[in-house]
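**Q** So the chains spell out like this:
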Amino acid sequence: MPFAWNLPYLSVFLAMVTAILLSVLPGAKKAYWLTVGVSAAVTIMSLVFLVFIVRADASYAFTMGKFPAPFGNEIKFGPLQGLFASVFAAVMCLSLLGGREELFEDVDEKKMGLACVMFNMILASLLVLTYTNDAFTAYVFIEISTIAACALVMIKDSGPTLVATIRYLFMSLLGSGLFLFSVILLYAITGHLLMPQLTGSVAKLMADGSYAKVIALILAMMTAGLGVKSAMFPFHRWLPDAHGTATTTSSAVLSGLVVKGYAVLLMTMYCRVFTLDTVRSFHIHDAVFALGFCGMILGSVMALRETHAKRMLAYSSVAQLGYVFMGIGLGTPAGIAAACFQILAHAFTKPLLFVSVGRLASAVGHDKQLRALRGTAWSCPLAGLGFGIGALSMMGIPLFGGFAAKVNFSTASIFGDEKIALTLFVLALSSILNALYYLPAVINIWSDRRPDAVKAEKDVTATAAIILLACGVLFLGLRFTPVMDLIVRGLELM
Amino acid sequence: MSALDFFTKWVEGEKTVPLYAEFEPLEPKKAKKKRPAAIGDRQRLDGFLRLYARCAVVISILMVLVLLVGAVALPVFASPGNPTNNEVVRRYVGSAEEETGAENVIAGMILNYRGFDTFGESCVLFLAVCCVMLLLWATNDRLRGEAKATQTEAPRDMILANVAKILLPCVLCFGICVLLNGHVSPGGGFSGGSILGAALILFAVSFGADSVRRFFTAKVFNAVRITGLMVYAVMFGVYIYQGANQIQSDLARYIVLVIDLAVGLVVMSTMYGFYSFYTKGEL
Amino acid sequence: MLSLIIDNRFAIAAVILFVTGFANMMLHPNLIKKVVSFNIMDSATFLLLASRGMIAGRTAAILTDGGADPSRYVNPIPAGLVLTGIVVSVSVSAFSLALIQRLYDAYGSVDLRDILEAMKKKGE
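If you read the protein sequences in the order shown, they are chains A, B and C. If you count by the working numbering, then the first sequence holds residues 1062 to 1555, one letter each, in order. If you count by the working numbering, then the second sequence holds residues 18 to 300, one letter each, in order. If you count by the working numbering, then the third sequence holds residues 11 to 134, one letter each, in order.
Isolated chain A (complex conformation):
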C-alpha cells in the first residue's frame, strides 16, 4: 500500500492532537498561528493525497485498526473525498487568516487557545464526515462538529451570541437525535454499522420487499436530521442568528463549511448506502427537491428584507443550501454532481463575502449595518473588490464560480427525465432575487466616500485571504469542466 493512503487518517489525527494540545498552550498568538499552520498542513496533505488518488483513479477502504469492514472502523476515500477535504481545509485556513484582526478583538486573550481547539476540531470532524465509511462514526463526529460549531458562535462572548448559540444548539441536538434514531433503526433491520455491509443488506431487503416501511422511515428521519443541521428550508430559523452574530471567522467557517459537512454526509448515505434507486422509489428526493425549491426562493426573499450585512449573507446561505438540496432532489447522479460543485463554489464564495464585509466594517468601527457600510469600499478597495466578486458569483455572472454551478444544475436537469421546467424556472427566479439584494449592496459599498471613515489599517493576512479566495471563485468559474469531470468520476467510484 502506498504511503499516500495514510494521509487522510494522519491529517485527521494531526488536527485532533493539535486541538488536544492547544487547550493548555499559553499564548493567544501562538495558538492562533499553530491552528493556521495545522490547517495549511492539512491542506497540503490533502492536495498531495488528491494527486495520488486521481492518478490511481480508484477508491480505497482504509481500516482504522487491524480489523476490516464488518468488524472494525473504516474510512473510504476516492477522488471526490480528496477534493472535498482539500477545499475544506484550504477554506478553513483562509477564513482563519481573513478574520484575524476581528478574532483577536472579539475573543478574550486567555480563551484564545480554547477557541482554536474548536477550529481544529471542526476541521477534524469535517474530514471524518467526508471520509467515513461507518454510520456510527458519522454520528459521533456529527456531535463533535455540533459542539464545536456552537462554541464557535459563542466565542464572541456577548448576550445576543449566547442566545443564538442556545437556539443553534437545541436545533442541532434535535437533528443529531433524529440521525441517531435512524442509524439505530438501520442497525436493527440489517445488523451492521459499516457502510459496505449496509449497502448489501439494504439491497437484499429492497429486493425481497421486507421492511420497506422501516427503510422509508429511516430515509425520512436521516434526511430530516441532516436537513435540520444543514439548514434545509423549514428548519433554517437558527441560521441567520448564529451566522449573523458570530465573529467573522466563525461566520465564514460555519456558513462556508460546517453546514456542508452534513450535506456531504447525506450524499454519501444516498449514493453509497441506499443507492439513488431506493431513494427514488420512496419519493424522498421529491420532498428534498420541494424543500430546496422553497429554500432557494424564501431564503432570498428574506435576505431582501435584511438591513444587516452579515444577516443578509446568512439568509443568502439558506438560499444557496437550497441549491444543494435541489441538486440532490433531482435524484440523478448528474444532479448530485451539480450539488457537489455548488458546495465547492459556495465554500469559496461565502467566506470571501464574510471576510470582505469584516474588512469593510473595520473602517467604521465594526458596524455591520448596510447603511453604515456605505462608501467604505474606498477605504479598503481590495475588500470592496472581493465583495464585488463574491456578489457577482452569487448572482451567476459568467467567469465566476456561481455561474458554473448554475450551468451544471441546468444541464443536470435537462438530462434528467423530470422537473426540467421547475428547475430552470427556480434557477432563473433565484438569480434575479440574488441580483436584487446583492447589486444594491455592491452599489452601496462603492458609492460616495464617507467623510468620517478612517482608512483601514493594513492587514497582510486578510489581503492574502481575500486574494486567494477570489482566485478560488475565479478558478471554479473558468475551469469548471475538469473539476466537474473529477466530481463525476468520484461519484462513480463512491
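Heads up, some of the hints might be wrong.
Said to hold, decoys possible - Dumping the calculated DSBU-like pairs for lysine-lysine here, alpha-carbon to alpha-carbon at most 35 Å:
hint	chain 1	residue 1	chain 2	residue 2
1	C	LYS131	B	LYS297
2	A	LYS1171	B	LYS297
3	A	LYS1090	B	LYS236
4	A	LYS1091	A	LYS1172
5	B	LYS297	C	LYS130
6	A	LYS1171	C	LYS43
Since the hints were made in silico from the structure, they are not lab data.
With chain A held as given, fit chains B and C onto it using these hints.
**A** Relative to the frame of chain A, chains B and C by itself:
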C-alpha cells in the same frame, strides 16, 4: 429602507435615493398610534404562540403514528433469529479474548475493534470541558469577584465530613478496582473514571474545595486530561498505522488495558472539572 | 395485533418516549426543561438500542468460565453504542447547562421568551 424599496425607486429613475438612510424621525402622530399597535403585536405574538403549540401537538401526534408503524414492523424483540445476531457478533464474542486480550467483550469492542469511535467520544468529553471553560472560566479579577459574591461556599457540615471520612476510601478503592479490571469484568474506563470523579466531588463538597486544591490544582487537572487523551491518540494512531499497513505487532493485546486507564483519567478529570467550573468558575 | 405489540413492546415504548421528549422540546419555553426533554429523547434511543441487543435466555457478554461460545451471550454491540451515546449526552447536557447559567447571569431568566424580550429592551 430595504433593498427592495431602493430597487423599485432606482428602476423608476430616482437618482437621489439615499440607500439605507437613517429612519425618518417618528412624527408625534405616529408616536401616539404606536401604543395600540404594540398591543396588537402582543396579541399577534400570543396568537402565533397558540398556533405554534397546536402545530407542535399535531406534528408530534403524526410523528408518533409514523414511528409506531415503523416500530411494529421491526424484528421481534429478544429472538435469536434477529438480523442483529449475525457474524459480527459471533466474531466479537468468539475471538475478542484472543484478539484483544479482553474478557469483557464490550470493552474489547469499544477500545479495539471500534476504537476510533471511542476516541471521538473521548474528544466529545474533552470538547465539553473546553466549552464549559469558555463559558464559565472567570478569567479576570472582576469576574472572579462576582462569582465569589454569588456563590459563597456553604458552611462545612459535620455529618457530611464524618460520613465522607468513612465513605471516601471505599469509593476510591471501588473506583480504582472498576477502572483496573475493566477488561475482565463489568466496568472500564468510563464507569471507573466517573466513580473516581464522584469521589473527588464528594471530597470537595465535604472538606472544601481548597483541600482538593492541595493536590488537584489546575496544572494537575490539565496534565491528567491531556496525558490521558494524548496516550489514547498516540497509541491508537500507531495501532491504526500498523493495522492498515499490515505490520505485525502485539500492540493489539495491550491496547485495551492502557487505553482503558487513559480514558478513566480523562473521565475523572472531566467530571471534577464540570463540578469545579460550575461552582467556582475556576479550578 | 396484540402479539405485534407485545413482540415489539420496547420499541413502542421507545418511540412514545422519543416523541414525548420531542414535543416537550418544542412546547416548553423554559430552557432547563428543554435540556431535560432532550435527555428524554436520548434515553428513548438508548432504550431502543439496548432492547435490540437482548436475546432471550442469554447472559451479558463478559466471558466467564464457559469460554467463548457465541450462543451463550447477548449481543455486545448495542451495549458499546449505548455507552458512547450516554457520554455524548452527558457532554451536551453539561454544555447547554453552562450556557443557560450564563444566559441567566446576563438576562435574569431561563425562559426563552423573557430572554428575547429582555434582549429587545436592551436593544441588542
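**Q** Which numbered conditions among the earlier hints are violated in the structure presented, ordered from lowest to highest?
**A** Every hint satisfied by this model.
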